[in-house]
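*Asks:* The lines below spell out each chain.
Protein chains: 2
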Amino acid sequence: MSEPTDLRAGDAAQSVDPAVLDELLSMRASIDNIDATLVYLLAERFKATQRVGVLKAEHQLPPADPARERWQIQRLKSLAADAQLDPEFAEKFLNFIIEEVIRHHQAISASTGSSPKVPDTRPGRPETPAGGSSAKNTAP
Amino acid sequence: MSEPTDLRAGDAAQSVDPAVLDELLSMRASIDNIDATLVYLLAERFKATQRVGVLKAEHQLPPADPARERWQIQRLKSLAADAQLDPEFAEKFLNFIIEEVIRHHQAISASTGSSPKVPDTRPGRPETPAGGSSAKNTAP
Chain G
1 MSEPTDLRAG
11 DAAQSVDPAV
21 LDELLSMRAS
31 IDNIDATLVY
41 LLAERFKATQ
51 RVGVLKAEHQ
61 LPPADPARER
71 WQIQRLKSLA
81 ADAQLDPEFA
91 EKFLNFIIEE
101 VIRHHQAISA
111 STGSSPKVPD
121 TRPGRPETPA
131 GGSSAKNTAP
Chain C
1 MSEPTDLRAG
11 DAAQSVDPAV
21 LDELLSMRAS
31 IDNIDATLVY
41 LLAERFKATQ
51 RVGVLKAEHQ
61 LPPADPARER
71 WQIQRLKSLA
81 ADAQLDPEFA
91 EKFLNFIIEE
101 VIRHHQAISA
111 STGSSPKVPD
121 TRPGRPETPA
131 GGSSAKNTAP
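Chains G and C, in that order, give the protein sequences.
Per full-length UniProt numbering, residue 1 is the first one in the first sequence, and the count goes up by one each step.
Per full-length UniProt numbering, residue 1 is the first one in the second sequence, and the count goes up by one each step.
These are computed hints drawn from the structure, not numbers from a lab.
Misleading hints may appear alongside valid ones.
One copy or two, it doesn't matter: identical chains are merged, so the pair holds either way.
[To be verified] Quick list of in silico lysine to any residue cross-link-like pairs, SDA-like style, CA-CA up to 20 Å:
id, residue 1, residue 2
1, Lys47, Glu100
2, Lys47, His59
3, Lys77, Ala9
4, Lys92, Asp32
5, Lys92, Ile102
6, Lys77, Arg51
7, Lys92, Asp35
8, Lys77, Pro18
9, Lys77, Asp32
10, Lys92, Leu25
11, Lys92, Ala43
12, Lys47, Ser78
13, Lys92, Arg75
14, Lys47, Met27
15, Lys92, Asp22
16, Lys77, Pro62
17, Lys47, Ile31
18, Lys77, Ile97
19, Lys92, Leu41
20, Lys77, Glu88
Could you put together the complete structure from these sequences and hints?
*Replies:* Set out below in structure tokens:
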């Protein structure tokens, strides 16, 4: 592997007219900037859900909040429509994030050996303990 | 449903000490801002991949670029580590986005009846046509 521009060009570097390659590289640089922003934003989001999890654990609040989650889904679908993004994808994206929060949560539960205090009664959802200082939350 | 603050409070509004609810609402407002930013960023990303797809179609470039994709994954994992986000999640996230690009792409192919010009030879990946002015790309 050589320098970044070549890496960003990928296989295209070997077979493309230089002017077209320049245009492709410019677009790819924008996509890479967007991806970096997405990664840092997602990191902030998980930090925030972790803080909510701690707050809920401290005050014995149930980990799941179906009314909040319904509101989140409707809001994101509406924002997606405004952004010309497929609203169904926005819902799928939120569910993808929530699944990751649950996965982290389960890993924390397994490592601390904590047992659920308030079960999540939604269909298809694993029980999520409210206890533990590093507990995360499925519907922050 | 009543006004936004109550909606953001969800089920917690009925059972929580007002001071704790205020703190929860403040955190949820931050999460909601992050989610809105994520939605608008994702919309921009899909616009960019669509533009790359058009460029590739115009210049008969193959839709897939495995070298580019390997570079993207390594870069995102490195950025994730810097952001204290699970690097494996960053990879899963990129794959989630790529799957959506493929899904859109297949829908476009089905609606235009276009046939693949350059097959994607990566294992487990569907063939992705390079033709069509609105073609999207799996490895922009």
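*Asks:* Does each hint fit the structure? Answer for all of them.
*Replies:* Verification of the supplied hints:
When the C-alpha separation of lysine 47 and glutamate 100 is checked against a cutoff of 20 Å, the pair qualifies only within one copy, where the shortest distance is 13 Å, while the shortest distance between copies is 26 Å. When the C-alpha separation of lysine 47 and histidine 59 is checked against a cutoff of 20 Å, the pair qualifies only within one copy, where the shortest distance is 19 Å, while the shortest distance between copies is 43 Å. Taking the closest pair of Cα atoms, lysine 77 and alanine 9 come within 20 Å of each other only across two copies (19 Å); inside a single copy the shortest separation is 34 Å, beyond that limit. In the homo-oligomer, the alpha carbons of lysine 92 and aspartate 32 lie at most 20 Å apart only across protomers (16 Å), although the nearest pairing inside one protomer, at 22 Å, exceeds that limit.
Proximity of lysine 92 and isoleucine 102 under a CA criterion of 20 Å is satisfied in both settings, with 15 Å inside one chain copy and 15 Å between copies. For a Cα distance limit of 20 Å, the shortest separation of lysine 77 from arginine 51 qualifies neither inside one copy, at 25 Å, nor across copies, at 24 Å. Taking identical chains as interchangeable, the C-alpha atoms of lysine 92 and aspartate 35 lie at most 20 Å apart whether they share a chain (18 Å) or sit on different chains (13 Å). Taking identical chains as interchangeable, the C-alpha atoms of lysine 77 and proline 18 are never at most 20 Å apart, the minima being 41 Å within one chain and 30 Å between chains.
Taking the shortest alpha-carbon separations for lysine 77 and aspartate 32, only the inter-copy value of 13 Å comes in at or below 20 Å, while the best intra-copy value is 25 Å. In this homomeric assembly, lysine 92 and leucine 25 never come within 20 Å of each other (Cα to Cα): the closest approach is 30 Å inside a single copy and 24 Å across copies. Taking the closest pair of Cα atoms, lysine 92 and alanine 43 come within 20 Å of each other both inside a single copy (19 Å) and across two copies (14 Å). Within a single copy, lysine 47 and serine 78 get their C-alpha atoms only as close as 25 Å, which misses the 20 Å cut-off; across copies the closest is 18 Å, which meets it.
With identical chains, the CA atoms of lysine 92 and arginine 75 are at most 20 Å apart within one copy only, with a shortest distance of 13 Å there and 25 Å across copies. Taking identical chains as interchangeable, the C-alpha atoms of lysine 47 and methionine 27 lie at most 20 Å apart only when they sit on different chains, with a minimum of 10 Å there against 31 Å within one chain. Taking the shortest Cα distances, lysine 92 and aspartate 22 never come within 20 Å of each other, neither inside one copy (34 Å) nor across copies (29 Å). Taking the closest pair of Cα atoms, lysine 77 and proline 62 never come within 20 Å of each other, the shortest separation being 26 Å inside a single copy and 33 Å across copies.
For the homomeric pair lysine 47 and isoleucine 31, the shortest alpha-carbon distance between copies (10 Å) is at most 20 Å, but the shortest distance inside one copy (24 Å) is not. Within a single copy, lysine 77 and isoleucine 97 get their C-alpha atoms as close as 15 Å, and across copies as close as 17 Å, so both meet the 20 Å cut-off. Taking the shortest alpha-carbon separations for lysine 92 and leucine 41, both the intra-copy value of 18 Å and the inter-copy value of 16 Å come in at or below 20 Å. Taking identical chains as interchangeable, the C-alpha atoms of lysine 77 and glutamate 88 lie at most 20 Å apart only when both belong to the same chain, with a minimum of 7 Å there against 27 Å between chains.
The structure is inconsistent with the numbered hints 6, 8, 10, 15 and 16, although it conforms to all the rest.
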